[in-house]
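**Q** Residue numbers (the working numbering), protein chains in the order written: chain F, 1 to 342; chain G, 1001 to 1363; chain W, 2001 to 2309.
What the hints contain is simulated information worked out from the structure, not anything from laboratory work. Keep in mind that a hint or two might mislead.
[What the hints assert, rightly or not] Simulated pairs of lysine-lysine, PhoX-like, Cα-Cα distance not exceeding 20 Å:
| hint | chain 1 | residue 1 | chain 2 | residue 2 |
| --- | --- | --- | --- | --- |
| 1 | W | Lys2051 | W | Lys2028 |
| 2 | G | Lys1011 | G | Lys1343 |
| 3 | W | Lys2214 | F | Lys300 |
| 4 | G | Lys1077 | G | Lys1036 |
| 5 | F | Lys245 | F | Lys166 |
| 6 | G | Lys1354 | G | Lys1343 |
| 7 | G | Lys1081 | W | Lys2051 |
| 8 | G | Lys1124 | W | Lys2214 |
| 9 | G | Lys1111 | G | Lys1085 |
| 10 | F | Lys228 | F | Lys166 |
| 11 | F | Lys245 | F | Lys228 |
| 12 | W | Lys2157 | G | Lys1085 |
| 13 | F | Lys198 | W | Lys2214 |
| 14 | G | Lys1085 | G | Lys1011 |
| 15 | F | Lys300 | F | Lys198 |
[Said to hold, decoys possible] Sample of chain F residues lacking proximity to chain G, with all beta carbon distances greater than 10 Å (derived):
| hint | residue |
| --- | --- |
| 16 | Phe12 |
| 17 | Asp13 |
| 18 | Trp38 |
| 19 | Asn44 |
| 20 | Gly46 |
| 21 | Ile59 |
| 22 | Asn71 |
| 23 | Asn73 |
| 24 | His118 |
| 25 | Thr172 |
| 26 | Leu182 |
| 27 | Ser203 |
| 28 | Thr238 |
| 29 | Phe304 |
Glycine included, C-beta positions come from ideal geometry on N, C-alpha and C.
Now for the letters of each chain:
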Amino acid sequence: MADEIKLPAGSFDKLTKGDNLDSEKIAAPSLTFAQDAWRRLKKNKGAVISMWILVFFFILAFGSLIWSPHNPNAVNPQFANLPPKWPGVGINGFNGTLVQAGHRVNAYAQAGAGSSIHYWLGTDYLGRDLLSRILFGTRISLIIAVVATFFDLTIGVTYGIFSGWKGGRVDTFMQRVIEIILSIPNLVVIVLLILILKPGMTSIILAIAFTGWTTMARLVRAQTLEIKEQEYVLAAETLGESSWKIAFKHLLPNLSSVIIIQTMFTIPNAIFFEALLSYIGIGISSPKASLGTLLNDGQKNFQFLPYQMWYPAIVLSIIMIAFNLFGDGLRDAFDPQSQSRG
Amino acid sequence: MESKEKILEVKDLTINFNTYAGTVKAIRDVSFDLNKGETLAIVGESGSGKTVTTRSIMGLNASNADVAKGSIMFHDKDILKMSDKEIEAMRGAEIAEIFQDPMTSLDPTMKIGRQIAEPLMIHKGMKKDKAMSQALEMMKLVGITDAEHRINDYPHQFSGGMRQRIVIAIALINYPEIIIADEPTTALDVTIQAQILRLMKELQDKISTSIIFITHDLGVVAGMADRVAVMYAGKIVEFGTVDEIFYDPKHPYTWGLLNSMPTMDTADDSLPSIPGTPPDLLDPPKGDSFAPRNAYAMKIDTEQEPPFFKVSDTHYAATWLLHPDAPEVTPPAQIIERQKKYKEMQQELAEEAKKPVKEEEEL
Amino acid sequence: MARYLGKRIFYLVLTLFIVTTLTFFLMKLMPGTPLTNQEKLSPSQIHLIYKQYGLDKPVWLQYIEYLINATHGDFGTSFQFSDQPVSYLISSRIGASIQLGVQAMVLGVIVGIVIGAFGAVKRNTWMDSATTIISILGISIPSFVLAVVLQYFIGLKLGWFPIADWGGFSYTVLPTLALAMAPLAESARFVRTEMVDVLSSDYIELARAKGMSKTGVIYHHALRNSLIPLVTIIGPVAVNIMTGSMVIENIFSIPGIGNQFVQSVLTNDYPTIMGLTIVYCFMLTVVLLLTDIVYGIIDPRIRITENRG
């Protein structure tokens, strides 16, 4: 078959180990878990864009503490309900005109505002600059969401680890408690709590955190149950490490991806509930603003001055979408198996 | 031996997978054939391309699989050139497959009788009642006790061994010409393994079908196969009859596989394994891909891929060690032992052949 | 099965009992009374009104009476509408809410199934991308924002459907659409994930190996296996709809219990808040129980373990 192939002399010299043959050589460079996750995350365009959008909104919202176009609380009845006006832009919707009784009129001129006065996103019914109020409101909404998520996370993780680690009757009882909490619609619980605690930022945060932790607790518990059976935890136990030390040294790092991912879904949920509460009138109240109160204010003049509603609605929707996309991206990055699950 | 009618011929099959990391050269120039009624075992580590080969025969490869060249002739038709309709008509009727893991390969929400009967309804247009009664017969044939009552049970109500019998029943229901068994016993307990293998052997005799038996376990091959092909890194490196592979192997990789297999006469407890890992098929090394793990590697192995060298009419191996210019090497002790035994066997056979066939006449 | 049902119903009653007790004592902690202008009333008048509401009795007695009355649907008298019993307030409004909720649920889940299944089957095509975009938008955009968008464009600009009020099917269209978006997104995402999983499973490959066509496999094996677990998200979807209805009913001025709940909260109408809380819990626990039972019936794996356990 192939016996006649002529080969150069020396072809059949025996190779020794030194001749650049490494049987254990692994071709791909090794990456740590975090590096690998980061590399996968970077491949997900939607997630990366969302991340930058969120960074942008955070910087804008918190930057407005230092500088914002106007004082968000400065009432100026003379300039009430002015439409958006951009310097040098003539497009309807951005040129300070609006339609009144079938005619397009220059609202700025009517209000007697000089040509140097611009409200980029217009003003509300009290003449407050809408852009400044949106920046202010976004900040409040983000603070509420992040702080609520922090409490939610603390309660959920502690509860979940405890329940999963203890196991047995304690676990069963703790899970029953969660089931009972879950059989009450969470908005009802939130509303009841806010009523008791008096409406305000603190009570909103507490109410959202109090109802939100159950999902986190369930996920963490399931993960804890799984990790508990792993050999390295058993080994640590055999070596006489205390339970809580094990929890901190072995459990938390392994739970971190579940916690991070769930956090990314908790934040938009908290933003949603805050907006909803403020929208129906039991959340943040004037002169403070949140995206929910802005929507509520905007809704009053909605038929005639729709921009007062659109801008807060757009900001709220973009933030929600960005958080959800970023959360999806993180989940896929941390848990490659779920990639197929989309 | 019985007349050898070739029913399947795989020629120079080369399949690449396009992945985000690059092109994976999953199988390269794989050729073999299958005769009517015989059992061909394809042996290799996981990732050696066994499954890709058989999936191509079934026309079931993933959508990112790209057939670079080669053909798979089934009777007179090239499976690779068939339309979807033609392949669907062939699958489950003429060629059937037994899957590896019986715990996952049955639909958990469908009664097993229906699952066994389905191929009849698809290919023979049979009405459900009739198909079900044939399914019942098949359940009895594969040894499911109390089949009349169990026909309406769901998969989770059966043990792993019983489920594999159901999977076998599904494969057999249309009496296919070829059955591809992809590691059919790997997921089962050792005792159940033996039962399933025996069942397959029995059924093969009953319905005279050919079997392509995929496994990583040479131990299973001995009792099952007529011929063996050894695959490594997407290529066949040695093929021959079961005796030739077991007792007169020529390729160092086959030596390694045999060495790492426990036998009755393994004297000490040591089970040598083959050092190293298979090569990355995204970027297979130049020359013989086994060279980095080969204790007998020569300079030529790093330069040029070895062609097949003929050992006998039925036995070929792709290693430069068989080149006439290559130096004599001493195989591992256990292999020498095997070769000695093989020679004795051959002699016995020869003597046997000289003897007049008296006993049979007396019967 | 009977034992299991008994156990579940026991938990249902227990949950309702706990919820009733908690809300009762929470409400006792609340500031405010039925009397909005207490200062102007004489002590005897106050006493009379307290007696009317049963507030003169010791708290534990009020609690026992409340529990007993609650079991046959008597939740006391509303503070807001002082002549109306809470039970009447609820029963006259619950129909609209249930109609809206059921319409939104059915529409959302069915469209979600179709979209999700197409996304999975046509994986990595534009249809799949569309599925992903729809589900991300549906999950992200709050229902009340969507409601206002629908109201503005379809109701106000196009004038196809009434933008508010209640009185016939056309009035339900916009609020149903607004409410249905979240369940639609939720179930589309769920079905897609489930179906992608199922389609890559061994039994689907075995079905293909039997010679079944691609559509045959989807119809006979993939759909059923991916739809059965969908039952498990009905509970969360119901919660979602209840939450959404509170604000959607408000936006569209629909006389339902969601709207009433918000009004009661804003007017400190404690008896109505309590009654509605209990009714909401009852509806949710019943939905959860029903989905569990249905899941047990349609998934053979669960059915059997229940029978043997």
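**Q** So if I understand the rule, the pair passes when the alpha-carbon distance is 20 Å or less; does Lys1111 of chain G with Lys1085 of chain G pass?
**A** Violated. Lys1111 of chain G to Lys1085 of chain G sits at ~27 Å, over the 20 Å cutoff.
**Q** Decide, holds or violated, for the assertion that all CB atoms of chain G are farther than 10 Å from the CB of Ser203 of chain F.
**A** holds (48 Å)
**Q** Sort out whether Lys166 of chain F lies within 20 Å of Lys245 of chain F, counting only the CA atoms.
**A** Since the Cα atoms of Lys245 of chain F and Lys166 of chain F sit roughly 14 Å apart, the hinted pair holds (cutoff 20 Å).
**Q** Need the status of pair Lys198 of chain F, Lys2214 of chain W: alpha-carbon distance at most 20 Å?
**A** Violated, because 59 Å separates the two Cα atoms, which is more than 20 Å.
**Q** Compare the distance between the alpha carbons of Lys1085 of chain G and Lys1011 of chain G with 20 Å, and conclude whether the hinted pair is satisfied.
**A** Status violated; Cα separation ~23 Å.
**Q** Run the distance test for Lys2214 of chain W versus Lys300 of chain F: straight-line Cα separation, threshold 20 Å.
**A** With Cα atoms ~54 Å apart, Lys2214 of chain W and Lys300 of chain F exceed 20 Å; violated.
**Q** Please verify that the nearest CB of chain G lies beyond 10 Å from Thr238 of chain F's CB.
**A** Since the minimum Cβ distance to chain G is about 28 Å, Thr238 of chain F lies beyond 10 Å and the statement holds.
**Q** Does Gly46 of chain F really sit off the interface, with its C-beta more than 10 Å from all C-beta atoms of chain G?
**A** Holds: least Cβ distance 17 Å, greater than 10 Å.
**Q** Straight-line Cα separation of Lys2051 of chain W and Lys2028 of chain W no greater than 20 Å?
**A** holds (16 Å)
**Q** Take a quick look at Asn71 of chain F and tell me if its Cβ sits farther than 10 Å from every Cβ on chain G, holds or violated.
**A** holds (52 Å)
**Q** Against chain G, does His118 of chain F hold up as non-interface, every C-beta pair farther apart than 10 Å?
**A** The claim holds: His118 of chain F sits with its nearest Cβ about 49 Å from chain G, beyond 10 Å.
**Q** Test the statement that Ile59 of chain F is away from the interface with chain G: the closest C-beta pair must be farther apart than 10 Å.
**A** holds (33 Å)
Hint violations for this structure: numbers 2, 3, 7, 9, 12, 13, 14, 15, 16 and 17, all remaining hints satisfied.
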